[in-house]
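Line by line, the protein sequences are chains A and B. Residues 1 to 328 (this note's numbering) make up the first sequence, in order. Residues 329 to 652 (this note's numbering) make up the second sequence, in order.
There may be inaccurate statements among the hints.
Some chain B residues near chain A, calculated using beta-carbon distances under 10 Å [stated by the list, open to error]: (1) L439; (2) R444; (3) V450; (4) A453; (5) M454; (6) F456; (7) V457; (8) L463; (9) V465; (10) V583; (11) D623; (12) I629; (13) V630; (14) G632; (15) A643.
Covered by chain B, per the in silico footprint, the following chain A stretches (three or more residues, Cβ under 8 Å) [said to hold, decoys possible]: (16) 260 to 269; (17) 302 to 311.
Now the stretches of chain A that chain B is said to cover, found in silico as 3 or more residues with beta-carbon under 8 Å [claimed, not checked]: (18) 125 to 131; (19) 317 to 324.
Honestly, the hints are just simulated from the structure, not real lab data. Glycine is no exception: its CB is placed at the ideal position from the N, C-alpha and C atoms.
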Amino acid sequence: MSDTARTPETLPFGRRVRRFMADRPLIPLIILLIGLVVVLEILRPGIVNERWVANTIKFAIPLAILAGCQTMTMLTGGIDLSVGVIATMSAFIMATQVGTHDPAIAILISLVPAALIGLANGIGVGIFRVHPLIMTLGMSLIGTGVLQVYQRTVIATGSSIPDILAWLGTGRTYGVPNALALFVPLALLIIFILRRTGFGRLLYAVGDNEKATRIAGVHYWKVIVALYVLSGLLAGVAGLLYVGLIKAPSLSLAVPLLLPSVAAAVIGGTSIFGGRGGYTGTIIGALILTVLATLLTILQMPEGSRRILFGLIILAVTAAYIRITEDS
Amino acid sequence: MSRFIRRNGWVFGLFVLFGLLLVFTRAIQPDYGSAAFISLTLAVLPFAFAAAAQTPVVIAGGIDLSIASMMALTSVTAATLMDGASEEFAILVVPMVLLLGVLLGAINGALIVITRVPDIVVTLAMLFVWEGAALLVLNAPGGGAADWLKALLVGTFAVPGVPTAITDWIPTALVLLVVCLAVVWIPVVRSRLGLSIYAIGSDSLAAFRSGVSVSRTRIAAYALGGLFAAMGGLVLTMSTGIGAPIPGPYLLASVAAVVLGGVTLGGGQGGLVGPIVAVFILRLVRSDLTFLSVDPNAATIVEGTIMVIVVMLGALVALRSRST
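Could you build the full structure based on these sequences and the hints that come with them?
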């Protein structure tokens, strides 16, 4: 009896919560992030301290930058699967060139192939209308080959990481990771581009309705070419930062970050079909994935079960997220 | 005949290209003979099954990023089951592993339908899941394979009454490939299911309105992909004699072959023959580059460039035909 009386009261409340979350899609994500941290603290009391937070942020930043590439390309209905190879490439080239050049010049040199691969991606997708998945996969194949050939020419050179990148990647000032000095302006810039500039608005427009934007007089190919070049450059920067963190340039340095970068953007609420999403969610998505990885590590499960859980959680979070934001 | 060629223009062109490549190979490597062709077929086999696994899914308008992981999982399952078991037991293992493949694919498809998450994301997540499962089954490369299964891939296929000059060019592996694919694919394409797969790939709303059960067909397409992936996994175990839990480079190759083979991403077009021929072409290009003593790393560049250029040309042709 009392049950039936209570139902009409609780139901609107549930719906209200749901609508509230759908209006502010970041809130369920932040709740999830906090929840994961709480679980971590319960499982291993005392692990959550200043040092741990700084470490988590350090590892989340390269992922978040790469996920930024995915966010922007996904907004137009695309995807950039070449970011892993681009990041690896610029890191490796920088590390091998720094012996003969000034660090600043080596960094500039290393960003050239990143921009070139981005340009090729943009031309393929924007002008020739190749499916972005195929185009970026193909370019990453080419990039891998180029990198392997390049490795042979510098086999005697050896590699080193310039101090500035090591400082950025691993250093901390008053407990705050230095990488934030690069990431905060970068993230603000991306958010600014997406929210306040014409280019950002075009990205959403192209992803939402390509035909309409074309009829409205937008040069589709220009938008796409600029987008993929930007994405390539960002991936290059992420690679430089990541090698400063890992300090061991190799030919597969950032490749394992590729799939998590897609996952971070998707968890962060960016639609893979384009037109919806934003970078703030992606940053939280990257943080969630990093905390999740720590959580799975301290559970001391076999590697196999860890991967299974990782995959299932990505799927569950995305599914729940889609349900929350679409149902109301 | 001319209508047949026009309809299957792309596949026909691929066959011509493959023939030209064979002639070219013969020209740069005069002793390229049946033995080399047999080893080419053996190398092609897992890639061909990976491409076959991707094909029905792409035709249905989806994509499956977990193919290489499914191959790894089915391969280690087969290797673990057959390790130390009797030869007769392997007869049971084969259908079990194939069934497992169907199940894995069906789970992929069902998750896409139930969660309404885009297929790329679901299969990306399942890539981790199947890979993890493969690691749980077998932590390091190991296991075994029945001798009669391994023998299935070796040598040439003797047809009574045909001179050996011809049968030398028919590797058993090729026969196995064709038979396995044909036994599954031809009945499917001829059936209502095949028509539905093409229909949902071409326009799922129109298909739904014509009474096609879109979700069921989608699950079936993924299950079919899983079946081919399981065949690929079995072939891996058969050719190496062991199972390896780390997925090979089959995902990228399968997407490349499918696109080169004339199956457009987005769905509704193409067939199974194109991707298989495309796989042969890609592998033959690779061995040609070896014959030309090109750095194998540069061969990766060439392979990627070919893929990108062909796809660009294909897209350009599609653009032209749409605008006229």
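Now for the hints, and whether the structure bears them out:
Because the smallest distance between the Cβ of L439/B and any Cβ of chain A comes to about 7 Å, under 10 Å, the interface hint for this residue holds. The restraint placing R444/B at the interface with chain A holds, with a minimum CB-CB distance near 6 Å, inside the 10 Å limit. At a threshold of 10 Å, the smallest CB-CB gap from V450/B to chain A is about 6 Å, leaving the interface hint in force. Against a cut-off of 10 Å between C-beta atoms, the interface hint on A453/B holds, since the closest Cβ of chain A lies about 4 Å away.
Of the supplied interface hints, the one on M454/B holds, with its beta-carbon coming within about 6 Å of a beta-carbon of chain A, less than 10 Å. With a least beta-carbon distance of about 3 Å to chain A, the hint placing F456/B at the interface is held under the 10 Å criterion. For V457/B, the suggested interface contact is upheld, since its CB lies about 4 Å from the closest CB of chain A, less than 10 Å. Satisfaction of the interface hint for L463/B is found here, the shortest Cβ-Cβ separation to chain A being roughly 3 Å, below the 10 Å cut-off.
Checking V465/B against chain A by beta carbon gives a least distance of about 8 Å; that is within 10 Å, so the hint holds. Because the closest C-beta pair between V583/B and chain A is about 6 Å apart, less than 10 Å, the hint holds. Hint on D623/B holds. Least Cβ distance to chain A is approximately 6 Å, under the 10 Å limit. Evaluation of the I629/B hint against chain A yields a held restraint, the C-beta minimum of about 3 Å falling below 10 Å.
Below 10 Å, beta-carbon pairs count as interface contacts, and V630/B has one with chain A at about 8 Å; its hint therefore holds. The criterion of a C-beta within 10 Å of any C-beta in chain A is met by G632/B, whose closest approach is roughly 3 Å, and the hint holds. Among the interface hints, the one on A643/B holds; its C-beta lies about 5 Å from the nearest C-beta in chain A, closer than the 10 Å criterion. Chain B is given as covering the region 260 to 269 of chain A, and this holds because 3 residues of the stretch bring a CB closer than 8 Å to a CB of that chain, at least three being needed.
Only residues whose beta carbon comes within less than 8 Å of a beta carbon in chain B count, and the region 302 to 311 of chain A has 10; three or more means the coverage holds. Here the region 125 to 131 of chain A counts 4 residues with a CB under 8 Å from a CB of chain B, which clears the bar of 3, and the coverage holds. Check result for the region 317 to 324 of chain A against chain B: holds, 4 residues qualifying (beta carbon to beta carbon below 8 Å, three or more required).
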